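Protein chains: 2
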Amino acid sequence: MMKSLEPATIAFPTPIWCVGSYDSEEKPNVMTIAWGGICCSVPPCLTVSLRKATYTYGCIMEHKAYTVSIPSVKYLAEADYFGMASGKNVDKFAATGLTPVRSELVDAPYVGEFPVVFECRLIHTLEIGLHTQFVGEIVGIKADENVMGENGLPDMNKVETFTYDSTSKNYLAIGSPVEKGFNPGKRFMK
Amino acid sequence: MMKSLEPATIAFPTPIWCVGSYDSEEKPNVMTIAWGGICCSVPPCLTVSLRKATYTYGCIMEHKAYTVSIPSVKYLAEADYFGMASGKNVDKFAATGLTPVRSELVDAPYVGEFPVVFECRLIHTLEIGLHTQFVGEIVGIKADENVMGENGLPDMNKVETFTYDSTSKNYLAIGSPVEKGFNPGKRFMK
Chain A
1 MMKSLEPATI AFPTPIWCVG SYDSEEKPNV MTIAWGGICC SVPPCLTVSL RKATYTYGCI
61 MEHKAYTVSI PSVKYLAEAD YFGMASGKNV DKFAATGLTP VRSELVDAPY VGEFPVVFEC
121 RLIHTLEIGL HTQFVGEIVG IKADENVMGE NGLPDMNKVE TFTYDSTSKN YLAIGSPVEK
181 GFNPGKRFMK
Chain B
1 MMKSLEPATI AFPTPIWCVG SYDSEEKPNV MTIAWGGICC SVPPCLTVSL RKATYTYGCI
61 MEHKAYTVSI PSVKYLAEAD YFGMASGKNV DKFAATGLTP VRSELVDAPY VGEFPVVFEC
121 RLIHTLEIGL HTQFVGEIVG IKADENVMGE NGLPDMNKVE TFTYDSTSKN YLAIGSPVEK
181 GFNPGKRFMK
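As given, the protein sequences belong to chains A and B, one line each in that order.
Counted from 1, the first sequence has number 125 at position 125 by our numbering; the numbering is strictly sequential.
Counted from 1, the second sequence has number 27 at position 27 by our numbering; the numbering is strictly sequential.
Quick caveat, the hints were computed from the structure, so don't treat them as lab data.
As the structure is a computational prediction, the values presented were derived from the model and not from experiment.
A portion of the hints provided could be inaccurate.
Stated by the list, open to error - Under the rule of at most 25 Å between Cα atoms (straight-line distance), these lysine-lysine pairs were calculated in the DSS-like manner:
| # | chain 1 | residue 1 | chain 2 | residue 2 |
| --- | --- | --- | --- | --- |
| 1 | A | Lys74 | B | Lys3 |
| 2 | B | Lys169 | B | Lys74 |
| 3 | A | Lys3 | B | Lys169 |
| 4 | A | Lys180 | B | Lys169 |
| 5 | A | Lys52 | A | Lys64 |
With these hints in hand, go ahead and build the complete structure from the sequences.
Printed below as a string of structure tokens:
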């Protein structure tokens, strides 16, 4: 039996992405978001949604660039903090002891200790409502050599990242493979 | 030591969302996507990215509506199939035996057997490149009463959904809570 619920932003799973940017004085800032995703393959793009009230909003608008650093679970507390404090009042890198690294490709910093980083050049801005959606072209990727898989790409099990469940407000682990993609569905092919 | 990689669409985790729509003859169609996410809180919106070549693209453009049905892992093979076959050539509901249910709120069908459904009215279309991004306002949510949690919202552990890792091309389980959100980071607050 299906129940009807009021509209709400409870679709899942959501990513935990730490968005890096510089402010107008080149102070590095980082903010955790759960509302984003890959949005195009050619050019490769990812999107993040932010409220205008956030400090990161103005930073991205000014520098036309941002990074997305993906935390492993050992940095869960730091990522959680990045989503609560505002760069307007505090230097979040200094507060956590993590290292802002200047991207060589875009005008934005990333978190040096996090295992996988996407460097994005802003190519679209879409005002939706309370949130503005930034679309960034992925112009480079950095990955710690310790999380690389045999195929030359980051191995999510080694990255040990996590997801956010906005219904329970818990961070959830991402577990073991359940099946290979583009295979189990073949049994419905005629 | 960080390695530099070529731009690619390997940010993670990605959702497994089954996008329901009607074609011009009111045939229900459904397509699995991994590129999407929540993108605004007021109004509550979610975005999905599709290639113009997909059958769903034309369906959404015509009806200005779509649904997102979230599969539990018991329907992994069906969801996998929905991402491989095209509604141009086949009735995917008939092929899998799943039930298209007409939304009462938007001009699109959803998958009757899946535990959580979002009903969306198209409010923005953004051409990015190979992919077009559709932004849909969530005007209603349906959830199976068997997956409801104590807070009156779907419980992700009961839904037993999964995620897709585009580096390994595996579907991955979403596991147990690791920490409560907006709490562990408090230790960095001064």
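Original post:
Does lysine 3 (chain A) pair with lysine 169 (chain B) here, judged by a C-alpha cut-off of 25 Å?
Top reply: violated, 34 Å
Original post:
Is the straight-line distance between the alpha-carbon of lysine 180 (chain A) and that of lysine 169 (chain B) 25 Å or less?
Top reply: Distance ~6 Å between lysine 180 (chain A) and lysine 169 (chain B) Cα, so the pair holds.
Original post:
Within 25 Å, alpha carbon to alpha carbon, are lysine 169 (chain B) and lysine 74 (chain B)?
Top reply: holds, 19 Å
Subject >> Hint consistency between lysine 52 (chain A) and lysine 64 (chain A) [alpha-carbon to alpha-carbon, up to 25 Å] >> reply: Cα-Cα ~15 Å, so holds.
**OP:** Sort out whether lysine 3 (chain B) lies within 25 Å of lysine 74 (chain A), counting only the CA atoms.
**Re:** holds, 20 Å
Of the numbered hints stated above, the single one contradicted by the structure is hint 3.
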